[in-house]
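Visitor: Chain by chain, the residues:
2 protein chains.
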Amino acid sequence: MPEPVLLKLGGSVLTRKGGSGEIRYDTLESVSREIGLRGAIPLLIVHGAGSCGHPEAHRYGLMQGLTGKNREGVMVTHRAVSRLNAALVDALTEQGISAVGIPPLASCYAESGRIRSMEWRNLREMMNRFLVPVLHGDVVMDGERGVTIVSGDQLVVYLAGVLGISRVGLATDVPGVLECGQVVPEITPESADRLCFNSSSSTDVTGGMEGKVQELVRLAREGVRSEIFHVSRLGAFLDGEPHGGTVVRAG
Amino acid sequence: MPEPVLLKLGGSVLTRKGGSGEIRYDTLESVSREIGLRGAIPLLIVHGAGSCGHPEAHRYGLMQGLTGKNREGVMVTHRAVSRLNAALVDALTEQGISAVGIPPLASCYAESGRIRSMEWRNLREMMNRFLVPVLHGDVVMDGERGVTIVSGDQLVVYLAGVLGISRVGLATDVPGVLECGQVVPEITPESADRLCFNSSSSTDVTGGMEGKVQELVRLAREGVRSEIFHVSRLGAFLDGEPHGGTVVRAG
Numbered sequence: 001m002p003e004p005v006l007l008k009l010g011g012s013v014l015t016r017k018g019g020s021g022e023i024r025y026d027t028l029e030s031v032s033r034e035i036g037l038r039g040a041i042p043l044l045i046v047h048g049a050g051s052c053g054h055p056e057a058h059r060y061g062l063m064q065g066l067t068g069k070n071r072e073g074v075m076v077t078h079r080a081v082s083r084l085n086a087a088l089v090d091a092l093t094e095q096g097i098s099a100v101g102i103p104p105l106a107s108c109y110a111e112s113g114r115i116r117s118m119e120w121r122n123l124r125e126m127m128n129r130f131l132v133p134v135l136h137g138d139v140v141m142d143g144e145r146g147v148t149i150v151s152g153d154q155l156v157v158y159l160a161g162v163l164g165i166s167r168v169g170l171a172t173d174v175p176g177v178l179e180c181g182q183v184v185p186e187i188t189p190e191s192a193d194r195l196c197f198n199s200s201s202s203t204d205v206t207g208g209m210e211g212k213v214q215e216l217v218r219l220a221r222e223g224v225r226s227e228i229f230h231v232s233r234l235g236a237f238l239d240g241e242p243h244g245g246t247v248v249r250a251g
Numbered sequence: 001m002p003e004p005v006l007l008k009l010g011g012s013v014l015t016r017k018g019g020s021g022e023i024r025y026d027t028l029e030s031v032s033r034e035i036g037l038r039g040a041i042p043l044l045i046v047h048g049a050g051s052c053g054h055p056e057a058h059r060y061g062l063m064q065g066l067t068g069k070n071r072e073g074v075m076v077t078h079r080a081v082s083r084l085n086a087a088l089v090d091a092l093t094e095q096g097i098s099a100v101g102i103p104p105l106a107s108c109y110a111e112s113g114r115i116r117s118m119e120w121r122n123l124r125e126m127m128n129r130f131l132v133p134v135l136h137g138d139v140v141m142d143g144e145r146g147v148t149i150v151s152g153d154q155l156v157v158y159l160a161g162v163l164g165i166s167r168v169g170l171a172t173d174v175p176g177v178l179e180c181g182q183v184v185p186e187i188t189p190e191s192a193d194r195l196c197f198n199s200s201s202s203t204d205v206t207g208g209m210e211g212k213v214q215e216l217v218r219l220a221r222e223g224v225r226s227e228i229f230h231v232s233r234l235g236a237f238l239d240g241e242p243h244g245g246t247v248v249r250a251g
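Chains B and G, in that order, give the protein sequences. Numbering of the first sequence is given in this note's numbering, commencing with residue 1 and proceeding in unit increments. Numbering of the second sequence is given in this note's numbering, commencing with residue 1 and proceeding in unit increments.
Incorrect hints may have been included.
Label pairs and their computed distance ranges (CB to CB) [said to hold, decoys possible]: (1) G:164 to B:38: 43 to 49 Å; (2) G:22 to B:86: 51 to 57 Å; (3) B:143 to G:83: 29 to 35 Å; (4) G:128 to B:193: 45 to 51 Å; (5) B:40 to G:65: 17 to 23 Å; (6) G:64 to B:239: 42 to 48 Å; (7) G:59 to B:190: 42 to 48 Å.
FYI, nobody ran anything at the bench for these hints, they're computed from the structure. Just so you know, even glycine gets a beta-carbon here, dropped at the ideal spot from N, CA and C.
Sequences and hints are given; from them, build the entire structure.
Guide: Below, the structure is given as structure tokens:
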């Protein structure tokens with residue numbers, strides 16, 4: 001059996017920035033085709049919300065939890081990202097992949113913004129049977145706050161851990177983690193502290209990328225290496241070939 | 001805080017029998033109105049699939065598990081019952097209820113046809129916050145068979161147990177458990193064995209009802225009483241008044 005792969009597709013890869021939840025159907029199709037070409041591999045996909053969910057979560061203040069006034073935002077935000085999930089599942093299905101949409105609102109429980117428990121035995125069984133679960137960053141119930149937002153990147157770290165997946169790839173809209181315009185080829189827990197996320201080169205490193213690296217450093221500490229690359233290099237990653245991106249690993 | 005309620009809506013209540021997945025939108029509306037009239041109560045809803053899922057599950061032989069040939073049936077069956085779930089969630093939302101669809105394919109794992117584990121802490125949190133989770137009988141991954149079908153009734157028993165819910169009601173298209181055309185007012189684990197499910201009066205007691213009583217007797221053995229009544233008596237059940245149906249309880 002080929003080695004299991006956990007693939008994260010960035011929200012900014014799948015949607016256009018700037019508000020109205022515009023899905024990049026051409027990218028959904030090209031990504032799905034790359035995956036479909038590789039035939040049956042045990043694969044789990046997590047995607048970000050991009051402009052299908054982030055604007056809604058922000059508007060209703062869901063990061064701060066459930067208040068008397070933002071209850072409606074739970075459903076509105078979940079529906080926005082579910083729409084993107086359904087579009088990706090459809091695109092994958094078109095390419096002959098047995099994709100199954102899995103909403104974390106249904107399967108995940110958090111406390112103080114971090115995943116506390118989650119059903120994952122069904123995901124392992126799907127991967128063993130070459131069904132491809134497709135999860136996403138989502139609104140999740142939180143025992144402290146009522147609700148929280150669990151990012152796709154947090155899901156990647158949690159699921160790679162519980163499922164014991166050691167091939168983790170993150171397809172983004174940049175060629176890797178950038179510092180002063182250059183790809184950083186390798187990051188370790190030690191070197192991560194020296195990255196100039198907040199320096200003058202911060203235009204190259206979005207807040208999103210800083211959060212991503214923090215999550216992946218957690219993973220590296222658990223001994224799981226991960227790779228960040230431009231979505232156009234997805235085929236190279238899947239084939240285990242050089243992709244010109246960043247590897248995050250234990251020192 | 002009012003006592004938490006677990007309400008099961010039968011598949012035959014919400015859909016028309018005979019094939020093509022016809023949803024009874026008028027019933028969805030009247031049921032939702034009855035619930036909405038009671039204001040905020042900690043409520044969890046489970047519904048059956050009826051003709052939105054059963055014909056598909058049967059056609060692909062999903063009860064017997066995953067074979068080389070019926071993989072497509074997982075998605076087709078799940079999609080059919082998801083459509084009914086979305087319609088019910090919409091109808092509840094129309095009546096001002098904060099309903100959230102929860103697909104067991106995402107949150108549940110079975111072995112040999114019985115639920116082995118399931119994320120439920122998120123459901124408890126929803127009920128505490130007056131969000132109403134709406135689950136349904138579904139295709140579920142099974143560690144022995146690949147997939148199985150978990151009925152709404154099995155979900156009722158599992159969830160009442162883990163969530164510690166002691167008010168359980170099942171709205172059906174008959175006035176209660178019938179024997180020789182008469183409602184049986186009370187069933188205990190002992191008396192259940194004497195019910196004439198397979199006698200000449202079996203036209204009154206469908207196979208569906210026999211399975212239901214088996215599940216509810218499991219629940220009674222754990223000390224949880226449950227009530228079976230005609231859907232037109234839903235208001236009476238919610239108000240804790242006589243509904244003319246059957247009570248299943250420990251002896």
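Visitor: Against this structure, judge whether each hint is valid.
Guide: Verification of the hints:
no. : hint                       : verdict
1   : G:164 to B:38: 43 to 49 Å  : 47 Å, holds
2   : G:22 to B:86: 51 to 57 Å   : 23 Å, violated
3   : B:143 to G:83: 29 to 35 Å  : 32 Å, holds
4   : G:128 to B:193: 45 to 51 Å : 40 Å, violated
5   : B:40 to G:65: 17 to 23 Å   : 19 Å, holds
6   : G:64 to B:239: 42 to 48 Å  : 37 Å, violated
7   : G:59 to B:190: 42 to 48 Å  : 57 Å, violated
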